[in-house]
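Trainee: Each residue of the sequence shown is one higher than the last, beginning at 31 in this note's numbering.
One or more of the hints may lead you astray.
[Said to hold, decoys possible] Derived pair list, reagent style BS3-like, types lysine-lysine, alpha-carbon separation capped at 30 Å:
| # | residue 1 | residue 2 |
| --- | --- | --- |
| 1 | Lys-178 | Lys-314 |
| 2 | Lys-163 | Lys-178 |
| 3 | Lys-48 | Lys-163 |
It is worth saying that the hints were derived from the structure and are not from the lab.
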Amino acid sequence: MTPIVARTREELAQARSKAGGTLALVPTMGALHEGHLSLMRQARRSADAVAVSVFVNPLQFGPGEDFDRYPRTFAADLEACASEGVDFVFAPAREVMYPDEPQVTVRSGPMGEVAEGAARPGHFDGMLTVVLKLLNLVRPDVAVFGEKDAQQLAMIRRMVADLNVPVEVVGAPTVREPDGLALSSRNRYLSGPERRTALALSRALRAGAGASASGPDAVLAAARTVLSEAEAADPPLVLDYLVLVDPSTFTEITGPPTGRAVLAVAGRVGATHLIDNVPLQFGKEH
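Full structure from sequences and hints, please.
Mentor: Shown next, in the form of C-alpha cells:
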C-alpha cells in the first residue's frame, strides 16, 4: 500500500492523527537505499506506526558542496517506503520548512567543530536545526538514525538531552555493500576507479579494529598505513580526518583507553565526500 504523502503542515497533522499509537520517524534526505530501509525496519520494531521524512536540507550544505546535484528520486523513494509498509511520508518543500529565513537556529557547540564539523564548518548547525524542526513538526515517540553517521547520532542524542526533547533516539547499525563500502546516497557519484580508491576507508577501519588489542596508537597506525596507500592511488583519496574518539562526546581519546570508542574516517575521492566508522571496545565491557 502506498503511504500517505504529506507536503504541508496541515497534511502532516492529518497524517499524524491517522497513524495512531506510538510513532517512529526516520528522517532522510531521500535517494533511499538499503541502509535507509534498515532504519525503517528498526522503526517498525520500535513503534506502532512509521513515518519517513524526505527533505534535502539546504542549511547543512556549505558553499561549493553538492546541494544542487544531490540526488532527488522521490518516485523511487515512495516505492521504497511502500515496500516497508511506511504509514506516511512527510515531503515538504523548502518554503514549508523555512517560511522565512531562519534567525534562530541550533548551534552544535564544541562537538560540531571537530572531525566532520572541522571538515564541513556549519554542517552540524544546519543538521541539528532541521532535525529539531522535524521532531517538533512530526512529534514522533521514537526517531531512528544510522550509526554510520556516528558524530551526527551523538550530537542528536546530546541535543535531545540538553533541550529536553520528548523523543527516544535509536541508532541502527551501518549497512555495507558486498565490497565493504558503507551505503550512502553519494556512492552513486563514484566512477569505477574512484570506487576502488574509496574502498580504502572500510579497509582502514578493519585494519584499525584488528589492531585494537595493542592499544590506540596501534589502531591509528594500522589504519593510516592503508590510507597512505590510497592517498598515492590514481585517483587519490584526499583524507579529511582519521580520529579515535569517545562515541558520546567525539573528543579524541588520549592515554590508555577503557570502554567504548569509535574509529572514524572521512575523505574525498574526486568530488565525492565519504565518511565511515567502526565501534571499538577497549578492555572488558561492563
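Trainee: Evaluate each hint against the coordinates.
Mentor: Verification of the supplied hints:
{"no.": "1", "hint": "Lys-178 x Lys-314", "in the structure": "24 Å, holds"}
{"no.": "2", "hint": "Lys-163 x Lys-178", "in the structure": "22 Å, holds"}
{"no.": "3", "hint": "Lys-48 x Lys-163", "in the structure": "21 Å, holds"}
Every hint, counting from the list given before, is met by this structure.
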